[in-house]
Each structure stands twice: as C-alpha cells, then as structure tokens.
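With these hints in hand, go ahead and build the complete structure from the sequences.
Each protein sequence line maps, in turn, to chains W and G. In the working numbering, each residue's number is its place in the first sequence (first place is 1) plus 4. In the working numbering, each residue's number is its place in the second sequence (first place is 1) plus 52.
Take the hints with a grain of salt, since some may be wrong.
Which stretches of chain W does chain G cover? Using the computed rule of at least three CB atoms under 8 Å from a CB of chain G, they are [to be verified]:
#1 46-54
#2 106-116
DEER-style ranges, computed between Cβ atoms [claimed, not checked]:
#3 124(G) - 92(W): 27 to 35 Å
#4 106(G) - 103(W): 16 to 24 Å
#5 94(G) - 75(W): 49 to 57 Å
#6 67(W) - 129(G): 38 to 46 Å
#7 19(W) - 67(G): 45 to 53 Å
Worth flagging that the hints you see were computed from the coordinates, not collected in a lab. Computed from a predicted structure; not experimentally measured. Built from N, CA and C at the ideal position, the CB exists for glycine as well.
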Amino acid sequence: DVKVTQSSRYLVKRTGEKVFLECVQDMDHENMFWYRQDPGLGLRLIYFSYDVKMKEKGDIPEGYSVSREKKERFSLILESASTNQTSMYLCASRTGISTDTQYFGPGTRLTVL
Amino acid sequence: DAKTTQPTSMDCAEGRAANLPCNHSTISGNEYVYWYRQIHSQGPQYIIHGLKNNETNEMASLIITEDRKSSTLILPHATLRDTAVYYCIVRVGAGNNRKLIWGLGTSLAVNP
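As structure tokens, this is what we get:
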C-alpha cells in the first residue's frame with residue numbers, strides 16, 4: 005500500500021521560530037509537493053520538487069523554503085514563522101511520468117502563536 | 053486562479069447515485085480534468101481523470117461534455133463513507149511543470 009507520511013499531525017509554534025515540516029514517501033516517486041490548505045482558498049501549491057536537489061516555486065513560495073536531499077524525503081521550512089502561516093500543510097508525491105495521480109499525506113495542522 | 057466552478061454543497065441519499073457537476077468553460081484543448089476527494093481529517097485522494105472521453109473505474113464514472121466545458125462525476129451507489137469534499141481540477145502545463153489547479157470543491161453529504 006502506498007504511503008506518504010508527515011512528521012506531525014499537529015504543531016504549535018511561536019512567531020519567529022524556525023519550523024521544519026517533514027514528508028516521507030515510500031513509493032520511489034520522483035516528484036513531491038507541498039501545499040497549504042485554508043478555508044475559502046482551497047489547496048495552494050507552495051513548492052514542488054521533480055527530482056533530488058531540484059525545487060521549483062509554486063504559487064505562494066514567499067516565507068517558505070524546501071529541501072530535497074534524498075528521493076524519499078521532502079522538507080518544508082518556515083525560516084521565521086508568522087501568524088499568517090497558521091494553516092493545514094499537505095505533502096504529496098507522484099511518479100515522474102505523465103499521470104497526475106498524487107498521493108497525499110494526512111496533513112500537518114500548524115498553529116503559529 | 054481556479055479554472056473550475058462547483059456547487060458549494062450537495063446532498064445524496066445512501067444507495068442512490070451522486071452526480072457532482074463541474075464547470076470548466078475556459079479549459080484548453082490539452083488540459084485534463086481530474087477529480088479528487090478529501091474525507092474529513094485526511095489528505096485528498098485521487099478518484100479519476102479524463103481528457104475528452106468518458107471514463108469509468110472502480111470508484112466512479114466521469115462524463116465530459118463534447119465541448120469539454122463541463123463534466124460530471126458519478127458515484128453510482130453512494131455510501132455514508134462517500135461523504136467528503138469533492139474537487140474538480142484542471143491540470144495545466146506539461147512535463148515536470150504540469151500542475152493541478154484546485155478549486156474549492158463540493159461538500160457532499162450522503163444521508164442514511
């Protein structure tokens with residue numbers, strides 16, 4: 005069974021803290037994604053990676069960075085967390101071929117106080 | 053900006069077919085329509101996709117109009133476990149830069 009796991013389901017951080025969200029997939033997928041999901045705004049793409057050490061900005065990359073040192077792991081970094089980054093964060097992976105069947109993790113609900 | 057519009061919410065009786073409409077009037081000729089659903093407290097789950105022809109799999113059927121400006125997802129025999137938010141999505145781009153443009157979805161409630 006395919007699996008995408010995220011390091012935490014719930015996370016509470018303070019403004020200005022550095023925050024790491026980790027995502028691991030066991031499907032040997034080339035591509036990985038980070039989204040945030042907010043009421044009334046839907047899913048918005050933050051960053052994606054189509055290969056190890058490769059990254060591309062999505063629609064809302066400001067305030068975030070990413071790291072992909074190994075194929076199975078994709079990290080989202082909030083260098084200095086702010087209250088407007090309180091959100092649900094979803095990680096996904098897909099194969100590198102033409103399909104867009106993305107497999108999602110359960111999400112991390114981040115609250116920044 | 054989302055390229056799809058969907059009703060905010062719908063109801064369906066258990067055991068009946070659920071027909072979820074989607075409008076994508078600005079879709080381009082090479083852009084696929086994807087459907088995902090998100091059950092409460094879970095990540096989205098792929099259901100089905102199509103370009104021009106109608107598609108069917110073990111989960112659902114997808115009917116795309118001939119002009120491709122709208123589509124309907126059909127759950128033939130809805131169960132309580134089908135209660136979820138259903139997203140109609142257009143895939144844009146090509147190669148490694150292809151991506152899904154998510155709308156706000158339809159919240160489907162399947163009632164006993």
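Structure-based check of all given hints:
1. 46-54: Held - the region 46-54 of chain W has 6 residues with a Cβ nearer than 8 Å to chain G, which meets the minimum of three.
2. 106-116: Our answer is that it holds, as 6 residues pass the Cβ test (under 8 Å) against chain G, meeting three.
3. 124(G) - 92(W): 27 to 35 Å: holds (28 Å)
4. 106(G) - 103(W): 16 to 24 Å: The hinted range 16 to 24 Å holds for residue 106(G) and residue 103(W), with Cβ atoms some 18 Å apart.
5. 94(G) - 75(W): 49 to 57 Å: violated (25 Å)
6. 67(W) - 129(G): 38 to 46 Å: holds (45 Å)
7. 19(W) - 67(G): 45 to 53 Å: holds (50 Å)
Checked against the numbered hints given earlier, the structure breaks only hint 5 and satisfies all the rest.
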